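Going down the list, the sequences are from chains A, B and C. Following full-length UniProt numbering from start to finish, the first sequence increments by one per residue and tops out at 246. Following full-length UniProt numbering from start to finish, the second sequence increments by one per residue and tops out at 246. Following full-length UniProt numbering from start to finish, the third sequence increments by one per residue and tops out at 246.
There's no promise every hint is true.
Said to hold, decoys possible - Here are the simulated SDA-like pairs of lysine to any residue, each with C-alpha atoms no more than 25 Å apart in a straight line:
| no. | chain 1 | residue 1 | chain 2 | residue 2 |
| --- | --- | --- | --- | --- |
| 1 | C | Lys158 | B | Pro147 |
| 2 | B | Lys134 | C | Gln155 |
| 3 | A | Lys129 | B | Lys134 |
| 4 | B | Lys129 | C | Pro147 |
| 5 | A | Lys134 | B | Ala31 |
| 6 | B | Lys129 | C | Ala31 |
| 7 | A | Lys134 | B | Lys129 |
| 8 | C | Lys129 | A | Asn148 |
| 9 | B | Lys134 | C | Lys158 |
| 10 | A | Lys158 | C | Gly150 |
| 11 | A | Lys129 | B | Lys129 |
| 12 | B | Lys134 | C | Arg159 |
| 13 | B | Lys158 | A | Asn132 |
| 14 | A | Lys158 | C | Lys129 |
| 15 | B | Lys129 | C | Gly150 |
Source of the hints: derived by calculation from the structure; they are not laboratory data. No experiment lies behind these values; they were computed from the predicted model shown.
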Amino acid sequence: MLGRILLLTVLALLSLPNECYPDGLYFLTTASGVVYQTYCDMTTAGGGWTLVASVHENNLYGKCTVGDRWSSEQGSTPDRPDGEGTWANTRTFGTAEGATSDDFKNPGYYDIVGEDVSVWHVPNDTPLKHWNCKSILRYHTETKFLPNYGGNLYQLFKRLPVRFNAGACPANNGPSIPIVYDEGDTGTTSNLYSPNARAEFTPGFITFRVFNHEKAAMAMCSGVKPTGCNTEHVRMTYCMIIRIVQ
Amino acid sequence: MLGRILLLTVLALLSLPNECYPDGLYFLTTASGVVYQTYCDMTTAGGGWTLVASVHENNLYGKCTVGDRWSSEQGSTPDRPDGEGTWANTRTFGTAEGATSDDFKNPGYYDIVGEDVSVWHVPNDTPLKHWNCKSILRYHTETKFLPNYGGNLYQLFKRLPVRFNAGACPANNGPSIPIVYDEGDTGTTSNLYSPNARAEFTPGFITFRVFNHEKAAMAMCSGVKPTGCNTEHVRMTYCMIIRIVQ
Amino acid sequence: MLGRILLLTVLALLSLPNECYPDGLYFLTTASGVVYQTYCDMTTAGGGWTLVASVHENNLYGKCTVGDRWSSEQGSTPDRPDGEGTWANTRTFGTAEGATSDDFKNPGYYDIVGEDVSVWHVPNDTPLKHWNCKSILRYHTETKFLPNYGGNLYQLFKRLPVRFNAGACPANNGPSIPIVYDEGDTGTTSNLYSPNARAEFTPGFITFRVFNHEKAAMAMCSGVKPTGCNTEHVRMTYCMIIRIVQ
């Protein structure tokens, strides 16, 4: 199944208790008054999860091409060590209902103050009503780690920039947060990867801002904790978001 | 006038009786609760037409370049036989009022259940209030064929994938639906093309999912029914949406 | 500080008295019924300014690449003398809150009838609530010149096309409108540029549709009036929006 995960959409959800009720689409309003519509999950671990972003791999064979709004749409060059800067700015794009067919980022990404993160791995082009049942992996953190990093991914990546050469592996890697599985388990996670790739990580974590030997920065290794600094060798497998500048 | 049609925007409208009233912009809500704003036409053939998409040719000289969201923004390669997959997914983009200056696709594309299809050929950058009077061709089907294909273009292209090598010409071409003209006629349609191109089609139809000898798939040949399998030779004329992978 | 201005976002605001009240985000409706949300400034010169667009330089080293929606996302070629045509069409993109991290253009750009123009130079990625205090330059016109050009930038650039070879320098350059500074002054403006560049302009103006010796057209030279026709030599400094086709 090597590479299969790249066909999946990652839905990053932030905890937002008491904001949503049944599963489905809701209108929310930011602190500054922006109104937006997104998906809320009220069933996982007591509910309160709000979809703030999806990462969609539209081309397994293209890296840093048009449509890669989370990394770079203009290739990787030394001139742009931050790529698009999407992880730490307020640019938004896409729609909740199109989140499995396109990248998605809404104002909740920078506006919501949350405690934990949930990730769903959903096959490309799955309709919204089937996200839950069709997901291949679903898991969430329970350590309430987000407030230590500003309460959301926008603030976390302000503190831990996804920037070439902003640090070294392993000293400057961000936190590895243990996860609780809602669909699948550590075995399922490992089975998504090739035997070679499995030697490079421990399943059961979300790891943020990971460097490799080449000083490239990855925003997230979702589902795993790297055990070395060779993430570039398996970058198309368990560390989905990578930007290499060399 | 060879090639002139490529400067036109195609507005694909689905029948939606009793949903709209005067011509103009309306707010609609999908089954899952997505709210969007689009144009409705209440004058053509009794009305009830809702704009769900426009196809905008932003560069006559560029094929499969940035902005070609209906085909491929990353060129044509064997790695991506479906291109962007736009015809059969829930990704949306653009706005109704910008539909003659940019590609447009709204949630109605996959949400509305319709009976017939209408197409308007409108010159680039025409303001919304002049779409009707400035259109070069307007026509619609009356056979109520859409329910046989799922009720909308999203479902139709799920059944008839716009994918390289998904079938052969002419055996696997989709249906050619006869049209009724609201502006122009079969002569107007033919006159849009060069004498050579005219030998390759019969005007008076919308034809869906057309293959050519090279196994490339076109989503629509709007206004015509191909009579052969050389659509690649006139692809910039009467078959606007083409994706070649070879 | 050569080149520093290129990192800034330009917020073009049109005068709209009595439409907005405190500074912040508002819902507005166009003549045709489009509803959109944008920022209004009620403090500058009596207020009434509505944000209609921002120009964001996402790559100092890339020209006419993906993300350059105001010029061309497909490079500069003789085939496309108008580039994307964004200055004179109704295509919209981006969000008000993301305007310092992405290009932004809303329906107010073509719908609002205004009298004057204000421009804010704000560093990239500045949050909305800090736009005012973090701006490096803020200035506005007071001559009520816009009605002479149709009342907004859309109409102005219909009359003064930003098109290669549509005119010659200096005979066909558009108007240079004097500005009043709200943050900074003519010295601050000049200090943004290199000594060599300073010889090419007089600060204290917004100049529209400027040609150079090579017949390239720039939409705006914001903050300055060119004194010659060598704007291409300093194009990355005081004339931000340039499109070269040769």
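Subject >> Enumerated hints in conflict with the structure, sorted upward >> reply: 1, 3, 7, 10 and 11
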